[in-house]
Amino acid sequence: MKGLLKIIRRYSLTAGMIILILLALNAAVFAGIAWLTVCDTKETVYGRESMEKISRELLAGEKDVALSEKGEKLLDGTAFIWAMALDGKGRVVWEHRLPEEIPRSYTLQDVSAFSRWYLKGYPVRTWKSGEFLLVFGCDKEELARYDVLMSIKMFEFLPAYVKTAIAANILIILALIFCFGFRFYHSLKPVAEGIEKLSLGEATELPETGSMEELAKKLNAVSGRLKEQQEKLARRDEARTEWIAGVSHDIRTPLSLIVGYGDKLAEDISLSEENRRMAEAMKRQSLIIRQLIADLNLTSRLLYEAQPLKKKVCSPAALLRNCAAEVYNGGPERLSGGEDEEDFSIEIIVKDEAESLKITADEGLLKRALRNLIGNSIRHNERGCQVTVTLYKDQSKVCWRIEDTGRGIPETVVRNMDRQESPVHIMGLRLAAQIAKAHGGGLAFLNRGDGSYDAEISAEISEPYS
Amino acid sequence: MENYKYKILVVDDNRELVNLIAAILKEDGYQEVFTARSVKEGLKVFHKERPDMAILDIMLPDGDGFDLFRRIREETEIPILFLSAKDEDEDRLFGLGLGADDYITKPFLPKELQLRVRAVFKRTYRREEERQEAVICLGERKVLPERAVVRFGEKETPLTAKELALLMKLNQNRGRIVTFDALCNAVWGDFYYGYENTLMVHIRHLREKLEDDPSHPQWILTARGLGYRIAKAQP
Chain A
2 MKGLLKIIRR
12 YSLTAGMIIL
22 ILLALNAAVF
32 AGIAWLTVCD
42 TKETVYGRES
52 MEKISRELLA
62 GEKDVALSEK
72 GEKLLDGTAF
82 IWAMALDGKG
92 RVVWEHRLPE
102 EIPRSYTLQD
112 VSAFSRWYLK
122 GYPVRTWKSG
132 EFLLVFGCDK
142 EELARYDVLM
152 SIKMFEFLPA
162 YVKTAIAANI
172 LIILALIFCF
182 GFRFYHSLKP
192 VAEGIEKLSL
202 GEATELPETG
212 SMEELAKKLN
222 AVSGRLKEQQ
232 EKLARRDEAR
242 TEWIAGVSHD
252 IRTPLSLIVG
262 YGDKLAEDIS
272 LSEENRRMAE
282 AMKRQSLIIR
292 QLIADLNLTS
302 RLLYEAQPLK
312 KKVCSPAALL
322 RNCAAEVYNG
332 GPERLSGGED
342 EEDFSIEIIV
352 KDEAESLKIT
362 ADEGLLKRAL
372 RNLIGNSIRH
382 NERGCQVTVT
392 LYKDQSKVCW
402 RIEDTGRGIP
412 ETVVRNMDRQ
422 ESPVHIMGLR
432 LAAQIAKAHG
442 GGLAFLNRGD
452 GSYDAEISAE
462 ISEPYS
Chain B
6 MENYKYKILV
16 VDDNRELVNL
26 IAAILKEDGY
36 QEVFTARSVK
46 EGLKVFHKER
56 PDMAILDIML
66 PDGDGFDLFR
76 RIREETEIPI
86 LFLSAKDEDE
96 DRLFGLGLGA
106 DDYITKPFLP
116 KELQLRVRAV
126 FKRTYRREEE
136 RQEAVICLGE
146 RKVLPERAVV
156 RFGEKETPLT
166 AKELALLMKL
176 NQNRGRIVTF
186 DALCNAVWGD
196 FYYGYENTLM
206 VHIRHLREKL
216 EDDPSHPQWI
226 LTARGLGYRI
236 AKAQP
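In order, the protein sequences belong to chains A and B.
Going by our numbering, the first residue of the first sequence is number 2, and it counts up by one from there.
Going by our numbering, the first residue of the second sequence is number 6, and it counts up by one from there.
For the record, the hints were derived by calculation from the structure and aren't laboratory data.
Glycine included, C-beta positions come from ideal geometry on N, C-alpha and C.
Heads up, some of the hints might be wrong.
A few chain B residues that don't get close to chain A, going by computed Cβ distances all over 12 angstroms [said to hold, decoys possible]:
| id | residue |
| --- | --- |
| 1 | T40 |
| 2 | L48 |
| 3 | E54 |
| 4 | D67 |
| 5 | G68 |
| 6 | E79 |
| 7 | T81 |
| 8 | R123 |
| 9 | F126 |
| 10 | T129 |
| 11 | P150 |
| 12 | E159 |
| 13 | P163 |
| 14 | A170 |
| 15 | E213 |
| 16 | P222 |
Covered, in the sense of this in silico footprint (three residues per stretch, anywhere, with C-beta under 8 angstroms from a C-beta of chain A), are these stretches of chain B [said to hold, decoys possible]:
| id | segment |
| --- | --- |
| 17 | 182-192 |
| 18 | 223-233 |
In silico EDC-like pairs for lysine to aspartate or glutamate, Cα to Cα no more than 20 angstroms straight-line [what the hints assert, rightly or not]:
| id | chain 1 | residue 1 | chain 2 | residue 2 |
| --- | --- | --- | --- | --- |
| 19 | A | K311 | B | D195 |
| 20 | A | K228 | A | E268 |
| 21 | B | K116 | A | E327 |
| 22 | A | K54 | A | E70 |
| 23 | A | K265 | B | E32 |
| 24 | A | K265 | B | E117 |
| 25 | A | K398 | A | E356 |
| 26 | B | K10 | B | E54 |
| 27 | B | K31 | A | E268 |
| 28 | A | K233 | A | E243 |
| 29 | A | K265 | B | D107 |
| 30 | A | K359 | B | E32 |
Take these sequences, add in the hints, and give me the full structure.
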């Protein structure tokens, strides 16, 4: 969900940036237009400067009023299309291109009206020139005029109003960004959750509505396919595990007969020494087969995750001592061991920091792994050996190192650990490795320097026991 | 033990195996071993012979051993052992959870079967007074648990509660190594960590009371780095 929050944050920032850029662009365009308008010559000539200059060129004679030549030129240079001068009685005393429809005399009311509005549809401007009133007519099609009257109070309030309006706009924009962002987050959340579930290999079913409909449909389809594949795999794994369990079950009864009769023959004093020895070998090998099928069964169950771990708090040191005592007391390993197995001894070294350690683990499985490793040392050293198991803590792991004074683990075994088809028998070691892996650890081989190896098995120390 | 007086019923669908089991048991002194190869036949033989123990396979042609177990238990409390080719913990726990006295996984050593059957008979039929009068013999010294004393000739030396608890735990596993952890657990419970030194003191006191020469013990033996064991017979 962290990813989703990142997306939403980026979305909000982007939206804010877009709005700021738009506002800046608008302000620039507005300023540009204003500047251009101010610079427009035509507009300039409508200004008071032209009117003042022209008014100075209006010459009043005794009988008539006229505009000087300079005044004429100035007037032609402006955008005014006509002009006239009124005397104090409202009569037109001078005119310049005055259209026919424009009256030639005006009352005070007329003057008051057109000075703030239109004269026969022409927008006009007026300028007092001595005792005359100059009236300039503008093009109807080009200009419009509006008389603006504003209270002083309103005028004084204007800057504050503008500031408030801008602040309010920014707040509204931010609120909208947040609101849309939240909606966006809300609609994306189930999709993000769905993707997260899929990444963990879990099935997901999203509602196929709203703006995420298409995405949800596709995710649901992927989830469906994933579920189908998982079910197929689970069925295949289950069938394999069941098959192995079935075979191992069916082998056990005939094996009981071989072990039982082998034992009877080995004890039968009427048989020759040689025959009794052969019967004993049959029995011993059958017990090895028993161990092999038990290992095969467990290894397949661990491989296809059909073996639930029965985890509980236990002491690695106590577990090791118990395991060694079982081997001494004649556990399953002893029963399938060699003839001269009495010559072995097990030394236990528990480092100080490991003595009080507690871990959460499947005690039975860990004991099985340790038994396999200790048993290997005993079985493969027919002339006897000393097995030393050292227990120590290595950061977040607890390690059991199994060393022996015998031949150790040969290099061919170590090389073939990861191969599907191994030319050497390594199921016991693989089982130990699987058990360690199921406990967050592993099986490592430590080179002795003479081409043989010692084994070290580890398990993770889960909180709060680390 | 007078094994000949006990009758045993063995139910397994494999003819060869029931014959082998019968032979193994007869060899150990049980003269009356009856066999059956199905639930139906097993019930019939059970009603006819009224055995003192039943050994049942779990997978039978007309039902399972658990059903047969329940039917027998409706009528009697005789000890029942399961003998199965299934070694999965669930089956083992289910069988023992039903109240079975033991669960043996195939293939088994004949000696293993004999020992387990003998142990179940001993647990079930040992007389109460025998239990009360159980005496731990360590050479010429005898420990009387009921009174918590060691008798040596006319002299009686008392044992403390902890010493007796340790001795009982060791004696239950006589001849086998009992780890420090199991001993501490038996005396101090689950939270025993840190009691190892105290354990050594108690063992030393026990040796002083039970051994001729406590520095060279003959009965309470040390398994270096693991625990202790009581010697099985006269060393």
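(request) Please flag the earlier hints that this structure goes against, numbers listed from lowest up. (result) 20, 29 and 30
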